[in-house]
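Given chain A's structure and the hints, the job is docking chain B onto it.
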Amino acid sequence: MASMIDVRHVNKAFGGLKVINDCSLSVEAGSITGLIGPNGAGKSTLFNIIAGALPLDSGQVLLEGEEITNRPANELFHKGLLRTFQIAHEFSHLTALENLMMVPPAQAGENLFNAWLKPGRVRHEEEEVRRRALEVIDFIGLRHVRNELAGNLSGGQKKLLELGRTMMTDARVVLLDEIAAGVNRTLLGDLVENIERLNREMGYTFLVIEHDMDMIARLCDPVIVLAQGSVMVEGTIEEIQNNPEVIEAYFGATHDATA
Amino acid sequence: MNEFVFFLNYVVVAGSVTGSIYAIGAVGVTLVFSIMRFAHFAHADMMTFGAFTVLLLTTAFPGAGAALGLPTAVVMLPLAMLLTAALAVGIDKAFYKPLRAHGVKPIVMVIASLGVTLMLQGLIRLFAGTSGQSLYVDDRKEIFRLALPFEGARAPIVITEPQVILFVLTLVCVVGLHLFLSRSRLGKAMRAMSDNPDLARASGINTNLIVAVTWVIVGGLAAIAGTLLSLDVTFKPDLSFFLLLPIFAAAIVGGVGHPFGAIAGGFVVGFAETLAVFNWSVLLRPFRDSLPEWLASADNLAFVGTEYKIVVPFVLLVAILVWRPTGIFKGKVI
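Protein sequence lines correspond, in order, to chains A and B. Going by the UniProt record's numbering, the first sequence opens with residue 1, and the numbers climb by one from there. Going by the UniProt record's numbering, the second sequence opens with residue 1, and the numbers climb by one from there.
Chain A with its partners taken away, still in its complex shape (with noise of 0.2 angstroms):
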């Protein structure tokens, strides 16, 4: 299969601190690859230099085989390449409807000219998003809460309104952040369903950050785990689990936290 991101000899220090240290791994297209590793690992500082947050210092990376080194986030968004925060981020004075309302780019009613000489083209195309939004909404076990500003809403649904901001427009890869910290054990079940679902149905690429091991397990495969700053091993769920060094690195002192 071919391969959606290519990470390529990656470096990135913080000040004297080596976080990424020559990482090289890639995730296949249509896969839900997960990415564990121990705190510190790096996981978080990758994710942000895939997603054009953080500049690094020497290396590569691809999307789809075109070259994405350092290039802005709004540009990776445009190429299909979404992400969410590993503390939920929202435009806090909107809705929660509006918030994924806000996601399609180029809308008509966003120009000040159409919004006067095109009213009907307007509201049309607003109907359109609304129609959608509600549907995400739903989708994500919102709609109850869809005119609270999102700002007001709890942690987890913060959370889930971030996986809702993916679903608004049409991704190649999403990467999610600790998408299950926060969520209770309910919501997580449908989730993951929705996760699944899009990565079936709309052809969805995930690469996962997660902490919760039941959830890697129902979720990822392969699985990826970083160990200060580099790929140790990578392969199925039951692999990595039986892996000693893994166990080693990884599980050893932390086992009863993340089992």
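Honestly, the hints are just simulated from the structure, not real lab data. All figures in this text were calculated on a predicted structure; none of them were measured in a lab. Using N, Cα and C, we set each Cβ at its ideal position, and we do this for glycine too. Accuracy of the hints is not assured; some may be wrong.
Restraint-style ranges between C-beta atoms, simulated for each label pair [as the list claims (entries may be wrong)]:
1) B:A86 x A:D221: 35 to 41 angstroms
2) A:R123 x B:F303: 50 to 56 angstroms
3) B:K141 x A:R123: 47 to 53 angstroms
4) B:P156 x A:P72: 57 to 63 angstroms
5) B:A101 x A:G120: 54 to 60 angstroms
6) A:N147 x B:A86: 54 to 60 angstroms
7) B:A319 x A:R121: 31 to 37 angstroms
8) A:G155 x B:I107: 42 to 48 angstroms
9) A:R121 x B:N208: 43 to 49 angstroms
10) A:G151 x B:R125: 45 to 51 angstroms
11) B:T306 x A:G155: 53 to 59 angstroms
12) A:G155 x B:N208: 26 to 32 angstroms
13) B:N279 x A:G120: 54 to 60 angstroms
The calculated lysine-lysine pairs, modelled on BS3-like cross-linking and capped at a C-alpha distance of 27 angstroms, are [claimed, not checked]:
14) B:K97 x B:K188
15) B:K330 x A:K79
16) A:K18 x B:K105
17) B:K236 x B:K309
18) B:K188 x A:K118
19) B:K330 x B:K105
20) B:K330 x B:K188
21) B:K105 x B:K93
22) B:K188 x B:K93
23) B:K141 x B:K236
24) B:K141 x B:K330
25) A:K79 x B:K188
Below, chain B without anything else, positioned relative to chain A:
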């Protein structure tokens, strides 16, 4: 009745003039704050720079206004707005952008803008000298005297041409800004960025472009406010020292980061200043007979002397920070 006209001239007209200038100035400060999250001290000097550019252009083409029936300075204003916008974008590229790229704290940006203030002021002084100059180089200030259709109103309402132009331009700016922010893609992107810059980027918004657009708007507005103030009185290179406090007070009173709050704040500060220096004894004159001796014989009943008018925004600022720290409108995002 004449006392009432006096009140109209010295409070309503004068307050609206000061208020409009503070309002346009405060909008600039508030826009920079909402997009870049720092207090831009050099804003008042961008206003001075705008007026200075107009002075240069007016000196170069003194006859240009006669053709259009407007003061030459006003005809030169669009060009000065463009130049000031270019200066604002240039200053950002040269001084603020490198700092932003390093992710410095807002206070570092504030100090940098203080440096820009001193630099701009020095530059303007170098070329314009230190004394006040009229922006009317080859033409003359039109003064309209509107007689009131009342019995016994002998004094007319006095309003000058630049004041009328100021009111018109303020209205245009407010309506234009509202339409821009609410109805255009860039305006919407600006609002998104002021709420959450990271998410804005992740939603496909080019935040570098938004920053540049913000500076263009801010520069243009600064040129308008600076020029009209200089037209109303005179152009001085140290104009900014008298403007800085009132426009920041206006921005804070209205709610920092809230453009329409800034406009309201501008008028609140402008009228507070005017009312504070207004000589109330004039209004009491008709009731002289029924007033106690000490009140009737007072010549000057202003709250503060004109030379201390700068304390008014200060007092207002302290009051608002104590009683309503978020401003009249709750500020922070556009």
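Okay, the hints, checked on the actual structure:
In this structure the supplied range 35 to 41 angstroms is violated for A86 of chain B paired with D221 of chain A, their Cβ-Cβ distance being about 55 angstroms. For R123 of chain A and F303 of chain B, the hinted distance range of 50 to 56 angstroms is satisfied, since their beta carbons lie about 53 angstroms from each other. Against the hinted window of 47 to 53 angstroms, the Cβ-Cβ separation of K141 of chain B and R123 of chain A comes to about 49 angstroms, which satisfies the hint. Separated by about 60 angstroms at the C-beta atoms, P156 of chain B and P72 of chain A satisfy the suggested range of 57 to 63 angstroms.
A hinted range of 54 to 60 angstroms is violated for the C-beta pair A101 of chain B and G120 of chain A, which are about 44 angstroms apart. Range check, N147 of chain A to A86 of chain B: Cβ separation about 44 angstroms, and the 54 to 60 angstroms hint is violated. The given range of 31 to 37 angstroms is broken by A319 of chain B and R121 of chain A, whose C-beta atoms sit roughly 49 angstroms from each other. For the hinted restraint 42 to 48 angstroms between G155 of chain A and I107 of chain B, the CB-CB distance of approximately 30 angstroms leaves it violated.
Roughly 30 angstroms separates the CB atoms of R121 of chain A and N208 of chain B, a value that falls outside the hinted 43 to 49 angstroms. Our hint of 45 to 51 angstroms for G151 of chain A and R125 of chain B holds, since their Cβ atoms are close to 47 angstroms apart. Checked against the hint of 53 to 59 angstroms, the C-beta distance between T306 of chain B and G155 of chain A comes to roughly 56 angstroms, which is consistent with it. Between G155 of chain A and N208 of chain B, the C-beta spacing of about 31 angstroms keeps the proposed range 26 to 32 angstroms intact.
Between N279 of chain B and G120 of chain A the beta carbon distance is about 59 angstroms. The supplied range of 54 to 60 angstroms therefore holds. As the CA atoms of K97 of chain B and K188 of chain B are separated by approximately 22 angstroms, the hinted pair is consistent with the 27 angstroms bound. The suggested pairing of K330 of chain B with K79 of chain A is violated, with an alpha-carbon distance near 37 angstroms, which exceeds 27 angstroms. A hinted pair counts as satisfied when its Cα atoms are at most 27 angstroms apart, and K18 of chain A with K105 of chain B qualifies at roughly 24 angstroms.
Taking the CA atoms of K236 of chain B and K309 of chain B, the gap is about 18 angstroms. The hint holds against a cut of 27 angstroms. Of the pairs offered as hints, the one joining K188 of chain B and K118 of chain A holds, with about 18 angstroms between alpha carbons and a cut-off of 27 angstroms not exceeded. Note on K330 of chain B and K105 of chain B: the hinted pairing holds, with a Cα-Cα distance of about 23 angstroms set against a maximum of 27 angstroms. Restraint check for K330 of chain B and K188 of chain B: the C-alpha separation of about 19 angstroms stays at or below 27 angstroms, so the hint holds.
The straight-line distance between the Cα atoms of K105 of chain B and K93 of chain B is roughly 18 angstroms, inside the 27 angstroms bound, and the hint therefore holds. For the suggested pair K188 of chain B and K93 of chain B, the alpha carbons sit about 23 angstroms apart, so the restraint of at most 27 angstroms is met. Under the criterion of a C-alpha separation no larger than 27 angstroms, the hint pairing K141 of chain B with K236 of chain B is consistent with the structure, at around 18 angstroms. Proximity of K141 of chain B to K330 of chain B is assessed by CA-CA distance (about 40 angstroms); at most 27 angstroms being required, the pair is judged violated.
Proximity of K79 of chain A to K188 of chain B is assessed by CA-CA distance (about 21 angstroms); at most 27 angstroms being required, the pair is judged to hold.
Violated hints, listed in ascending order, are 1, 5, 6, 7, 8, 9, 15, 24; each of the other numbered hints is respected by the structure.
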